[in-house]
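Protein chains: 2
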Amino acid sequence: MAEAEISTAAVLVIGDEILSGRTKDKNVGYIADRLTEVGIDLKEVRIVSDERAEIVAALNALRERYSYVFTTGGIGPTHDDITADSVAAAFDVPIDVDPRAVDVMLERYERADLTEARLRMARIPEGAELIANPVSKAPGFNIGNVFVMAGVPSIMQAMMDDVVPRLKAGQIVHSVSVEAGMGEGAVAKPLSALQDAFPDVSIGSYPYQRDGKFQTSIVLRSRNAERIEEAAQQFHSILAGIHANKA
Amino acid sequence: MAEAEISTAAVLVIGDEILSGRTKDKNVGYIADRLTEVGIDLKEVRIVSDERAEIVAALNALRERYSYVFTTGGIGPTHDDITADSVAAAFDVPIDVDPRAVDVMLERYERADLTEARLRMARIPEGAELIANPVSKAPGFNIGNVFVMAGVPSIMQAMMDDVVPRLKAGQIVHSVSVEAGMGEGAVAKPLSALQDAFPDVSIGSYPYQRDGKFQTSIVLRSRNAERIEEAAQQFHSILAGIHANKA
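So the protein lines, in turn, are chains A and B. The first sequence begins at 1 in the working numbering and counts up one residue at a time. The second sequence begins at 1 in the working numbering and counts up one residue at a time.
Hints in this document: simulated from the structure, not taken from any laboratory. Treat the hints loosely; a few may be bogus.
[Claimed, not checked] With a straight-line cut-off of 20 Å between C-alpha atoms, the simulated EDC-like cross-links for lysine to aspartate or glutamate are:
1. B:LYS24 with A:GLU110
2. B:LYS189 with B:GLU179
3. B:LYS137 with B:GLU179
4. A:LYS189 with B:GLU110
5. B:LYS189 with A:GLU110
6. A:LYS137 with B:ASP211
7. B:LYS43 with B:ASP200
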């Protein structure tokens with residue numbers, strides 16, 4: 001598969017509660033994992049507040065640049081849920097209560113209980129397709145290359161089950177992790193030479209501490225599994241050389 | 001304190017490992033909490049890949065718009081650590097090994113162990129001030145309104161201890177949470193009226209599930225504690241009315 005055919009993606013998290021620190025986001029990591037599984041490259045994430053102008057500006061910047069944009073948050077029934085209206089504004093299309101959305105909500109609510117507030121959750125921009133919500137019924141939607149989902153993790157995750165089959169999957173990125181067994185500084189120079197020798201393998205170096213000692217995970221990523229294997233073998237030789245020099 | 005004096009902030013997370021899902025970000029939530037404690041409003045977060053053009057573009061967009069920008073990630077000794085050079089490029093200033101940074105690194109390393117790779121961590125853009133790193137010595141830095149910190153959470157958190165006293169603290173935002181004891185739909189309409197009556201209090205509604213039942217946390221936020229108290233009292237009256245109607 002040619003590089004040009006690889007789908008790219010962005011996530012737009014909408015929520016004052018993430019920016020205030022009250023709620024810790026768990027959706028970005030989940031969506032990142034799901035996209036990696038189907039070979040789609042997540043390239044950017046933005047988190048913005050519950051303000052229409054902010055949502056519209058970020059959405060228009062991202063949907064122009066990437067194959068897909070996934071939004072989370074702001075599609076409930078309360079006054080601070082302004083995502084659907086903001087998406088309609090970004091696409092410059094009308095928005096109104098959608099009979100298809102009402103139908104799915106009637107699977108959970110009696111018609112008499114579909115209050116004005118709950119019907120806000122059935123407001124869908126013109127031309128959008130619904131995204132199923134098996135948890136609480138109120139749907140997400142897909143318009144153009146934008147997928148609008150709930151912010152509650154259990155609901156967002158269920159919605160992704162409906163979304164992923166609609167995406168153009170790519171060749172998956174293989175990934176091999178190697179523990180260097182030393183700090184980054186000790187392995188940085190040969191690692192840089194290895195990266196130069198394998199421009200088609202992305203080599204990441206991730207430092208961490210364990211029991212007060214600095215350690216490094218090296219992660220080799222590529223759509224070409226054979227090249228990863230070659231790079232990993234060379235890296236093991238490099239590590240052996242460093243340990244031999246120490247001994 | 002007038003609204004115009006409130007400092008705003010953005011976070012720029014730099015790291016392929018977050019976008020691939022391999023690492024789950026923990027820094028945004030931590031920085032959000034620290035800023036909230038000192039009355040600075042976090043307004044936007046972006047996560048970008050380890051690509052110079054991406055970092056420069058995001059940094060220039062954010063530093064123009066907000067009082068402060070905090071970056072995390074990409075300041076280690078390996079080939080994929082390109083944050084310092086990217087920040088220098090964004091500010092269009094030279095970057096080189098900084099004797100002050102070498103001095104602090106000599107607190108941990110022998111001079112003979114300050115290899116070319118480790119000295120990469122002492123490269124600081126011209127005109128920047130160092131940010132102390134008590135964990136592993138290699139410093140962060142502050143240039144203009146931008147604070148450049150490590151991605152390893154323990155190091156980033158220690159750096160924030162050095163950064164926060166340099167920021168212009170604002171009047172803190174008080175916050176009161178009330179459990180509605182029902183789903184969002186049941187409380188949405190009176191809540192919207194309450195928001196209209198208290199334009200100076202930000203009223204957020206956060207749904208969640210517990211034991212399979214939908215619940216809602218209402219969070220009232222304002223720099224004016226008295227107005228929060230008034231709004232919270234009115235909200236308790238609203239809840240009492242809803243429960244009385246049900247009974």
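Right, here's what the structure says about each hint:
| no. | hint | in the structure |
| --- | --- | --- |
| 1 | B:LYS24 with A:GLU110 | 40 Å, violated |
| 2 | B:LYS189 with B:GLU179 | 16 Å, holds |
| 3 | B:LYS137 with B:GLU179 | 45 Å, violated |
| 4 | A:LYS189 with B:GLU110 | 18 Å, holds |
| 5 | B:LYS189 with A:GLU110 | 18 Å, holds |
| 6 | A:LYS137 with B:ASP211 | 18 Å, holds |
| 7 | B:LYS43 with B:ASP200 | 18 Å, holds |
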